[in-house]
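Peer 1: Quick note: the sequence shown uses this note's numbering, first residue 102, plus one each step.
Hints were generated in silico from the structure; no laboratory data involved.
One should not assume that every hint holds.
As the list claims (entries may be wrong) - Cβ-Cβ distance ranges computed for the label pairs, FRET-style: (1) Ala144 / His168: 30 to 38 Å; (2) Gln167 / Ala130: 54 to 62 Å; (3) Asp149 / Arg129: 53 to 61 Å.
Cβ atoms here follow ideal geometry from the backbone N, Cα and C, with glycine treated the same way.
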Amino acid sequence: MRWPWRGDPEERARREVEQRERDERRRRAEEERRREQHSREDAQRERDRAQRERQGDREEARRMRQHRGRRS
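Based on the provided sequences and hints, a complete structural model is requested.
Peer 2: Right under this line is the structure:
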């Protein structure tokens, strides 16, 4: 007899509750990991956007300086 509690309804119910609780904790932990990953990805996209914007500003300033230099 590998599972002596199988015939005991109280033990079976207790184990089912424990399993549901473990499953719920696992699901919540996975959701939290997913939220954290999305937050990191969002932050990286924002850093990339800001960097592209700064690069564009620098290039425009350089073009303006070159353009003014040619007019003199």
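Peer 1: Now, for every hint given, state plainly whether the structure supports it.
Peer 2: Checked hints:
no.: 1; hint: Ala144 / His168: 30 to 38 Å; result: holds (36 Å)
no.: 2; hint: Gln167 / Ala130: 54 to 62 Å; result: holds (56 Å)
no.: 3; hint: Asp149 / Arg129: 53 to 61 Å; result: violated (31 Å)
Checked against the numbered hints listed earlier, the structure breaks hint 3 alone; every other hint is satisfied.
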